[in-house]
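J.: Residue strings, one per chain:
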Amino acid sequence: AQSVTQLDSQVPVFEEAPVELRCNYSSSVSVYLFWYVQYPNQGLQLLLKYLSGSTLVESINGFEAEFNKSQTSFHLRKPSVHISDTAEYFCAVSEWAAGNKLTFGGGTRVLVKP
Amino acid sequence: GAVVSQHPSWVICKSGTSVKIECRSLDFQATTMFWYRQFPKQSLMLMATSNEGSKATYEQGVEKDKFLINHASLTLSTLTVTSAHPEDSSFYICSASVPGVSNEQFFGPGTRLTVL
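Protein chains in written order, with the working numbering: chain A, 1 to 114; chain B, 1001 to 1116.
No wet-lab data here; the hints were simulated from the structure.
Incorrect hints may have been included.
What the hints assert, rightly or not - Subject to a maximum C-alpha distance of 20 Å in a straight line, what follows is the list of computed EDC-like cross-link-like pairs (lysine to aspartate or glutamate):
hint, chain 1, residue 1, chain 2, residue 2
1, A, Lys78, A, Glu58
2, B, Lys1041, A, Asp8
3, A, Lys78, A, Glu64
4, A, Lys101, B, Glu1104
5, A, Lys78, A, Glu16
6, A, Lys49, A, Asp85
7, A, Lys49, A, Glu20
8, A, Lys113, A, Glu16
9, A, Lys49, B, Glu1104
10, B, Lys1055, B, Glu1022
11, B, Lys1066, B, Glu1087
12, A, Lys49, A, Glu64
13, B, Lys1014, B, Asp1027
14, B, Lys1020, B, Glu1087
15, A, Lys101, B, Glu1052
16, A, Lys49, A, Glu66
17, B, Lys1041, A, Glu88
18, A, Lys101, B, Glu1059
19, B, Lys1041, A, Asp85
20, A, Lys78, A, Glu20
21, B, Lys1020, B, Glu1063
Isolated chain A, as found in the complex (with noise of 0.2 Å):
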């Protein structure tokens, strides 16, 4: 069975800084990875994803994220954060061959303090 691992529950930062959210997952098979974001009271918008090809993943706001096989990881990376980026971030994992169903890790939440 598939499981994801956010190590950081909370990531206060500074604006304009650099911010890192890591992921890790564990699956015996191919897997798709997914960066989900969330502002309060609201669902989840995709920020980026992982199918295949290049293992760098851009989004349109500045994040990027990079697959790395051999240490199971997805972790999240944007140089530059905003006070807008202050939410909750969601890593999710989907098998390949388990249909759409994806498994979320614990979140982390970061705060962008001005």
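Following the hints, complete the assembly by docking chain B onto the known chain A.
T.: Okay, now just chain B, sitting in the frame of chain A:
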């Protein structure tokens, strides 16, 4: 594209009553929809997978008779919380998958249920 809506966005009900939550895919047909439950400051827990025209598949520990799921069409799935109790208070989120799009799910905005 790929917009999912939920209705209502919040609901308050008395203990013992039933509440129905709707999940709609607005601009695509979703053969599969998912229902999640999220407690405050926690992650999403998958409750069930709903396939159009067939019975839902429930995750271990989720009471089928308590959480009734109906996926009557390719754009609508409903979750009915029967005989709700305060411990059922939670944030319920649905998602829908797009056929042929690799395992990606599109999420609704969620429904906040408060049972008094």
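J.: Confirm or reject each hint.
T.: Hints and how they fare:
Among the hinted pairs, Lys78 of chain A with Glu58 of chain A is consistent with the structure: their alpha-carbon atoms are about 10 Å apart, no more than 20 Å. Proximity of Lys1041 of chain B to Asp8 of chain A is assessed by CA-CA distance (about 13 Å); at most 20 Å being required, the pair is judged to hold. Distance restraint check for Lys78 of chain A and Glu64 of chain A: the Cα-Cα separation of roughly 6 Å lies within the 20 Å cut-off, and the hinted pair is therefore satisfied. A distance of roughly 9 Å separates the Cα atoms of Lys101 of chain A and Glu1104 of chain B; the hinted pair therefore holds under the 20 Å criterion.
Straight-line distance between C-alpha atoms of Lys78 of chain A and Glu16 of chain A comes to about 10 Å, which keeps the hinted pair within the 20 Å bound. In summary, the hint linking Lys49 of chain A to Asp85 of chain A is supported, as the alpha carbons are separated by about 18 Å, within the 20 Å threshold. Proposed proximity of Lys49 of chain A and Glu20 of chain A is supported: the alpha carbons are some 16 Å apart, at most 20 Å. Proximity of Lys113 of chain A to Glu16 of chain A is assessed by CA-CA distance (about 9 Å); at most 20 Å being required, the pair is judged to hold.
At roughly 9 Å between alpha-carbon atoms, Lys49 of chain A and Glu1104 of chain B fall within 20 Å of each other, so this suggested pair holds. Pair hint Lys1055 of chain B plus Glu1022 of chain B holds up; C-alpha atoms about 17 Å apart against a cutoff of 20 Å. For the proposed pair Lys1066 of chain B and Glu1087 of chain B, the alpha carbon gap of about 12 Å is at most 20 Å, so the pair holds. A distance of roughly 10 Å separates the Cα atoms of Lys49 of chain A and Glu64 of chain A; the hinted pair therefore holds under the 20 Å criterion.
Annotation: proposed proximity of Lys1014 of chain B to Asp1027 of chain B is violated, straight-line Cα distance about 34 Å (limit 20 Å). Between Lys1020 of chain B and Glu1087 of chain B the alpha-carbon distance is near 17 Å, which keeps this suggested pair within the 20 Å criterion. Under the criterion of a C-alpha separation no larger than 20 Å, the hint pairing Lys101 of chain A with Glu1052 of chain B is consistent with the structure, at around 16 Å. Proximity of Lys49 of chain A to Glu66 of chain A is assessed by CA-CA distance (about 10 Å); at most 20 Å being required, the pair is judged to hold.
Our distance criterion of 20 Å between C-alpha atoms is met by Lys1041 of chain B and Glu88 of chain A, whose separation comes to about 9 Å. With a CA separation close to 11 Å, the supplied pair Lys101 of chain A and Glu1059 of chain B stays within the 20 Å bound. Under the criterion of a C-alpha separation no larger than 20 Å, the hint pairing Lys1041 of chain B with Asp85 of chain A is consistent with the structure, at around 17 Å. Taking the CA atoms of Lys78 of chain A and Glu20 of chain A, the gap is about 7 Å. The hint holds against a cut of 20 Å.
Of the supplied pair hints, the one linking Lys1020 of chain B and Glu1063 of chain B holds, its CA atoms being roughly 16 Å apart against a limit of 20 Å.
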